[in-house]
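Number of protein chains: 2
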Amino acid sequence: MSQAATVNRRILLAARPQGQPTLQDFHLDEAPVLTPKEGEVLLRTLYLSLDPYMRNLMDEIGPGYTPSVQVGETMVGGTVSRVVASKHPQFAVGDLVLGRAGWQDYAVSDGNELTPLGDMKRPSLALGGLGMPAFAAYVGLLDIGQPKAGETVVVAAATGAVGSVVGQIAKLKGARVVGIAGGADKCRYAVEELGFDVCLDRRDPQFAERLAAACPDGIDVYFENVGGEVFDAVVPLLNIGARVPVCGFIAHYNDETSPSSPDRLPRLMAVVLQKRVRMQGFIILDHYADRFEAFSRDMREWVEAGQIKLREDVIDGLEHAPAAFIGLLEGRNFGKLVVRVAEA
Amino acid sequence: MSQAATVNRRILLAARPQGQPTLQDFHLDEAPVLTPKEGEVLLRTLYLSLDPYMRNLMDEIGPGYTPSVQVGETMVGGTVSRVVASKHPQFAVGDLVLGRAGWQDYAVSDGNELTPLGDMKRPSLALGGLGMPAFAAYVGLLDIGQPKAGETVVVAAATGAVGSVVGQIAKLKGARVVGIAGGADKCRYAVEELGFDVCLDRRDPQFAERLAAACPDGIDVYFENVGGEVFDAVVPLLNIGARVPVCGFIAHYNDETSPSSPDRLPRLMAVVLQKRVRMQGFIILDHYADRFEAFSRDMREWVEAGQIKLREDVIDGLEHAPAAFIGLLEGRNFGKLVVRVAEA
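For the protein sequence lines, the chains are E and Z, in the order given. For the first sequence, full-length UniProt numbering gives the first residue as 1, with consecutive numbering after it. For the second sequence, full-length UniProt numbering gives the first residue as 1, with consecutive numbering after it.
So that you can see chain E by itself, here it is in the shape it has in the complex (with noise of 0.2 Å):
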């Protein structure tokens, strides 16, 4: 730890977002680098993960899920950092740590929650190909979708950090794979990059049509990761026995109250009922026990044999974190989105 780094860039969560967050609903704070005790380390923020069940803590919400941030409190998530002082017998000055330290440039951590992470060469993937993103991608589509050779797997946020992943996993056990994404460059990146047989651009106006057709045998899997019109155009489609695990429902994080008319409920419940559908919402956290081993050794197997590719979008500076928060909300990221908090 220099001298010069006694200042610890924070960003709090300002107000609770009323729908789409802006930049208001976010401070950027400065605080004391605060000096670790006996059996705590002081961590240097590397890379931060920006994830899209942020927007959920942000909001008041009930127990069970993960605890809401409170307003004037440091925005939580992902972090690898680099342990820059210690008081720790198991961490050592210069360590790598997967942690989650939160929005900020610094963090004292009694080392409970902290994964070594060795020498690895692009910690990064970490908080995304290796990480939590891709561990849910691969508990949901094969723990609950369960996809058989030959059937049909259809995935939104076809290259973000979860839904490329869905695809390509998806694609090594032999399914057809349907992606949708928000624009021509990504559809061919799906398609060209991650093997993908389709990718569908959601913006156009006759995606429902386009849906349909690329899905002559319907959809077996519906890996649901966005909601919205996407959810809609899929629902028609469903097969007898399709299975939906529910990992995130991003288009609608920012509703205010129930959109009006129409109730699209009893459609879907005639839906589950005539055609079988199991539909499974799961949260990664409940899983690490069980399966991380499990996914993490399939990962690494898979990623250095060429089989997944793994695309990052890396912005750099903590300070831009709400405005690129903003733009993952939205769909503009390409790939998992880091931020670069300082070079590793």
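Since the hints were made in silico from the structure, they are not lab data. Heads up, some of the hints might be wrong.
Since copy identity is lost for identical chains, a pair holds within one copy or between any two.
[To be verified] Calculated lysine to any residue pairs in the SDA-like style (CA-CA distance at most 25 Å, straight line):
{"no.": "1", "residue 1": "K148", "residue 2": "I283"}
{"no.": "2", "residue 1": "K309", "residue 2": "V93"}
{"no.": "3", "residue 1": "K148", "residue 2": "R276"}
{"no.": "4", "residue 1": "K148", "residue 2": "H287"}
{"no.": "5", "residue 1": "K148", "residue 2": "G39"}
{"no.": "6", "residue 1": "K173", "residue 2": "V198"}
{"no.": "7", "residue 1": "K148", "residue 2": "D119"}
{"no.": "8", "residue 1": "K309", "residue 2": "S86"}
{"no.": "9", "residue 1": "K173", "residue 2": "L142"}
{"no.": "10", "residue 1": "K148", "residue 2": "H27"}
{"no.": "11", "residue 1": "K148", "residue 2": "R297"}
{"no.": "12", "residue 1": "K309", "residue 2": "G72"}
All values reported here derive from a predicted model rather than from experimental measurement.
Model the placement of chain Z on the given structure of chain E, informed by the hints.
What follows is chain Z alone, placed relative to chain E:
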């Protein structure tokens, strides 16, 4: 077959209903009784089952579900019949059989869909407590709902053919059971006779508050067979990891178009995600091969031991089937609704 029986009364679908069916959507027709050919039997209907799923079949529906009844065709339905003439080696005159002869006095069958009932004392139970509705309760509750001892199970239409069995099996499995029914008489019956812990009147203006009060530990299993306001009151009470077997959505069977505002889908999906809810539709016809034998053994044992009580609401006369069916959709029956078409 007596000489007088030359006329077969049949109830035809006269028109596809606009919303709630009316008597004008049915037509009582008379046709000659057919003569069985080689390999066929002539059946005299004794009991006709009336069940909510029939409402679906009155609409034009897509593939994958039981086929629609076409306008001008005889309404379909499960029946208990007596063989009154036989040119089939496996059936003799006088045999009692379970089949799907539909809403008519007589039917000719090649025997393929017939199940012999032996000398069953209350053969109408083959349509209810020992048949399809109770089987749906068994599979939906045990295979999808999977209640554990001490968990809270909520079921609507608590004195109906399905709900009454759901609640009683859940009690046998050690769950706490909260029923919902229409009116004080049904609620009293559910608690005093069926052994539910609580039963709430869905017409109570304070219904949602009373349901919350009756489920202080939340809801672990909601057996969905009604939809509507009951569903809305249940959703916020679902616990983490709750299971929702979807067996029916009777409150919406009469919907012509999506009711306007508010759209309840985003709220449902938020709960499915945050509470990791598993919601799964099922059609009981899919499960006969695998599970009917186990159901039949368990259910007979429970009924004989007095652990499960079965109540029937018997209407006399085929001609009253349309009105009785309309009443079923409005919740006017009290117990499994059966039409006695002829004396056993």
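Evaluation of the provided hints:
no. : hint         : result
1   : K148 to I283 : both (23 Å within a copy, 22 Å between copies)
2   : K309 to V93  : neither (32 Å within a copy, 71 Å between copies)
3   : K148 to R276 : both (17 Å within a copy, 23 Å between copies)
4   : K148 to H287 : both (22 Å within a copy, 21 Å between copies)
5   : K148 to G39  : neither (49 Å within a copy, 42 Å between copies)
6   : K173 to V198 : within (16 Å within a copy, 48 Å between copies)
7   : K148 to D119 : neither (37 Å within a copy, 46 Å between copies)
8   : K309 to S86  : neither (36 Å within a copy, 69 Å between copies)
9   : K173 to L142 : within (9 Å within a copy, 31 Å between copies)
10  : K148 to H27  : neither (47 Å within a copy, 47 Å between copies)
11  : K148 to R297 : within (21 Å within a copy, 34 Å between copies)
12  : K309 to G72  : neither (38 Å within a copy, 59 Å between copies)
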